[in-house]
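Colleague: Listed in order, the protein sequences are those of chains F and D.
Numbering-wise (the numbering used here), the first sequence opens with residue 607 and increments by one.
Numbering-wise (the numbering used here), the second sequence opens with residue 121 and increments by one.
Computed footprint of chain F on chain D; a stretch qualifies when at least three of its residues, placed anywhere within it, have a C-beta under 8 Å from a C-beta of chain F:
# : segment
1 : 156-165
2 : 205-217
3 : 337-343
4 : 346-355
5 : 371-378
6 : 381-387
Simulated pairs of lysine-lysine, BS3-like, Cα-Cα distance not exceeding 25 Å:
#  : chain 1 : residue 1 : chain 2 : residue 2
7  : D       : K354      : F       : K816
8  : F       : K795      : F       : K629
9  : F       : K1010     : D       : K211
10 : F       : K816      : D       : K201
11 : F       : K1010     : D       : K216
12 : F       : K959      : D       : K354
13 : F       : K959      : D       : K378
14 : F       : K871      : F       : K816
15 : F       : K799      : F       : K629
16 : F       : K1010     : D       : K354
17 : F       : K1013     : D       : K354
18 : D       : K201      : F       : K871
19 : F       : K939      : F       : K886
20 : F       : K806      : F       : K795
It is worth saying that the hints were derived from the structure and are not from the lab.
Even glycine gets a Cβ: it sits at the ideal position worked out from N, Cα and C.
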Amino acid sequence: MTAQSKREGMPKLSLKERKHSFKEVALGYTEWQAVSEAKRCLQCKKPACVSGCPVEIDIPAFIKDIREGEFDKAISKIKEKNCLPAIAGRVCPQESQCQEKCVLGIRGSPISIGALERFVADQELKSGVRRYVRTEARHGQVAVIGSGPFGLTAAAELAKAGYEVIIFEALHEVGGVLTYGIPEFRLPKAVVKAEAEYVKSIGVSIEIDKVVGKVITIEELFAAGFKAVFIGTGAGAPTFLGIPGENLNGIYSANEFLTRVNLMKAYKFPDQDTPIRIGKRVVVIGGGNVAFDSARTALRLGAEEVSIVYRRTEKEMPTRLEEVHNAREEGIKFALLTNPIRFMGNDSGWVSKVQCIKMQLGEPDESGRRRPVPVKGSEFTMDADTVIVAIGTRANPLIQSTTKGLKVDGEGHIIVDELGRTSIEGVYAGGDVTTGSATVIEAMRAGKVAAKVFISVDSAKR
Amino acid sequence: MNRIVAREVLAPNIKMLEVEAPEVARKARAGQFIILRVDDGGERIPLTVFDVDRERGTVKIVFLEVGTSTRKLGRVAVNEKVRNFVGPLGKPSEIKKFGQVVCISGGIGAPAIYPIAKALREAGNRVISIVGARTANLLILEDEIRRVSDEVYLTTDDGSKGQKGLVTNVLRQLIDGGVHIDRVIAVGPAVMMKAVSDLTRVHKIETVVSLNPIMVDGTGMCGCCRVTVGGKTKFACVDGPEFNGHEVDFDNLISRLKSYQREERQSMELFQRRCGG
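Just chain D, with the same shape it has in the complex (with noise of 0.2 Å):
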């Protein structure tokens, strides 16, 4: 349990690590997430299950290494072990027949958001997907993400490929085209969730989002991953990490994301000292 039998590297810094836990791959389900540590004086990781093989009994998890702890974990190898994997946790998404479905991601959203458009489609549902990233070589799992869609659009910032400019952008020219659209379902950076929302509220379609916020245990203990949805506070890590986006308190979301910014840094240097980067 917990060795690594396959690792990929998807872009530079965002690497795929399939974990053998069979117990977590028959269980998890859409939307849900593990926690893993890497070594024993680290941090628990929460990363959404990306892909089950339950015949291999694998989980595979996508990860951006951007601070110690997921810089830890871009370094382990095949066939050594993650000292801990604990899941499945969270609530699985809401997979049902909705019609036609938006499912939109922001960067290293596409792992999460693969998942719950497979599902769907599975479910019966016509899925449009929207893949937005900073640039070409950031955009990540075109190919998994065709496979479950019937319809796909791609985003950069910098217009290095696909349409140029935010994923929000194609939402609005679908709307504004009359697609219509019964459910959007949106991953990734805080910021992008608040503006999909923002959007979709004006135009009354449901959407959901998937929380990022810190966590620490991630079994409803501890309350660091609490947000305020419709004005109540709430901890993704048990009652998400979906919610409905018209009611999260984006901006309470970001801020509470920056709580360790200056130990991040502090953190940061003392493994680039120790490992020379």
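Next comes chain F alone, as it looks inside the complex (with noise of 0.2 Å):
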């Protein structure tokens, strides 16, 4: 197997263009590419790979289609488990699921499974997406909220049992966190807007500008006659770290910062009308995707100098390591170990400084995770005229606080069993609103679950 053992490296844009450009970083496999990392794939008896998939794609299957150049074949077996393949293939943190436990990684590199996943779906994309021969609905109407990657999944799995499905999207465009949280560069949203397309071309209409709990309650779609309701209202709600000066002007929650590049396009204003303000430094707080993000679009925007400030070190950082590796290349900063403690401001109510505190890692906390300490007397400050505050959201609180008997954590988060079953009859929920903020896969899990208990209780019905 040595021919075989190289892995295949995807190919991605020059840093000189990724500096002031939104185009994707990562270019994807080219056909020789593709077909010569499949043919690197052992086809193992007992696949490990698909035990590490949350929604459980037949891998050495798909990937066998594209070493025989089948390329139509091998989507579609995708696609019998996953109906957003090009969204997950790039947002999928694969290192740690599906690669992680391919046996090619114990002594070299593991197949590259997201790439390929990526490749054939974007085969398809460019040759148009075969639309789905559509079941006809004549079990009832159901209703889902949020068009994130929980509601999508949720939406086609039902319309391919017979339901008339109608998502409910509080924004003016289709999918959720995809298209607010995650950046161009990273998921074009050309690929979302492609993917819903799919899901609306087996059976699923989307309303948008609907905000449930607002306009309708749940109560009143089961009036309306909705036989089940799923809620994937994701992790939406911003949170902040609560220390003197963050109301300043040029703090943003990362939310607001990726809301209005990514949802309302002020990168590209002023011909977009939502404008975007970006300091010369910036200062990006937390350690996530999110953070990362951030951090990059600051970059392309225009930053002279951008930072990302984090408590732990780089180890502790809950982003996947190729943001850690694109985010070096592009050259942001990280001030590790570091954790701001009050923002100061100038004479006309603009941010200026952050003051920090070094930390040190003490006892392992709750999370597994040592716990970083403050370092008595170790204050200091940075220069920063533009702060994204990226630690974390919240459920969005909508659904919760206006559905009676609807059980919730102390965090908000909807209570539901391994089912997605929430403690209201014929009512699932799933993704970031249920667990806080996590994978998009997960949410795609969740979402194939919560429809198919509900489909399997409302087929013995019948």
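Work from the hints to combine the two standalone chains into their complex.
Modeller: This is the structure:
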């Protein structure tokens, strides 16, 4: 296997081009690369990779199809389990899922399963997605709240099973966090739109500008004849640090910063009407994917210096390794073991400095990571004219606060069992609104599980 | 849906649009707002619901043309559509029988105070309204407000209509004159709401203000509209827009409202170049 053991690297946009453009960084495999990478697959009899996939894609089978140049067959195989492959192929943390289990990884590099998934999905998008042969909707109406990964996946499953599905989306674009959260250079919005169109082709309608909880309640949905309601409203509520000066001008939540840029396309201001203000020195607080997305976005908007301030070390950063590499390459600076304690402003109310304190790692906390503790007397200040707070999000509270009997935990997440059932019969939930910020694929898995549970309960009644 | 069924010029640069939005019309309560986008590249503009016609399924909004987005909105003709129209958003006003209430509006606050005054009166309150504007032709909705008030005072900065001066002058006269006030509701420019709150704090009169910070999504997702109330950070879009005026940090609100002045000018210049003003 000597010739086969070298992994095909992902072609990337040049650094020069990346600096000021929102074009996708990872360019995707060429046909030749995809086939070559697929040929490395050992086609294990008992494939470990499948057990690492939350939606149990038959990975060896689709890789075999690629190896044989049967890209159409490969994408069909994936779509049996995953209706959003071009999205998942880009944003799934494969290195800690399917690829982590790949036996080739023991001695060398695991197969780039994500890159292969993306390749066949992109091939299909290029040639035009084949429309799904629709099942006649004859089992009644179901409502899905939110058009993010949970909602789209649940809706697709339900439509395939013969339900008339309506997704209610609060914003003016489809996709939830895929649209407002993840930047164009990591997940092009055209890809999100195309995959949402595929879901629609299965027989799903999407009503934008509908805030469930405000314009209609879950109770009213049932009264209107919907047989079940699936809640995938995400973890859209930003959290702040709660330290002095946080409401100064120039301090954004990562959600606001990314929503302005991604959903409202502020990077095209003034061609698009929504503005964004970016300073010369940008400080991003946090160490997750959202912090990295924000930092790399700030750089593309023209910031001269962008620093990520994180209270632990690089090892504890919850972001994907790939993102750390990309950020480093692009020149993002890291201020590790550092925690902000106060923001200071100028006379006109704009942030000008961040006062920080150095941290050191102490005993492990409940997450198993060593708890950062402040080092006494180590305060220092950093200059900043834009600050982006990316320290996590909370469950979106709108549905919970307007639905009687819907149980939530202490942090406001909707409580569900392992099958996605909430405390109200016929109401299912999943994704970030139940778990807090997690992965796209985990939300998709939850969507599939919940849909299947309802389908089996409902078909038993027929 | 989203079709403009009527359009009226209320004052120079102030227009009213009646928009077909039956679901919003059915649900909207006094104090709530909507968000609209004129076209695909447009901003999400939050506007208070001025009035609804549940039978016709329409929602009326009133706006001042200040920047690119509101100028674009001002150019939408009857029978044309706006791209997006979502609502109702925010919490409705607290409506119950308080006794005697004073509803104060300044400038473009008038269309926001009208439904609140109307609902308060219907709930059995005696409503005293104070309507202020910079000058006579900017004083809008006088007739509507008169219809839902028991007493009305008008003020203009230049004295061209009603009493010369600020709305707080009238409020002070009422208080000094021994008029019993159970509650004050004030909607208008932040400086005006601040002045009202400062005055009523001294006299320990419960005061509610409806805040107008910059917003993006309007559903509690971005935190752009955060305001400091009683030392805590609140989101005007979901926790408000109404708050206890005595607890609001108005200076922070006023400062945050200026966040995009430079960009607003830049956007207007482009708009004027493209459309010839």
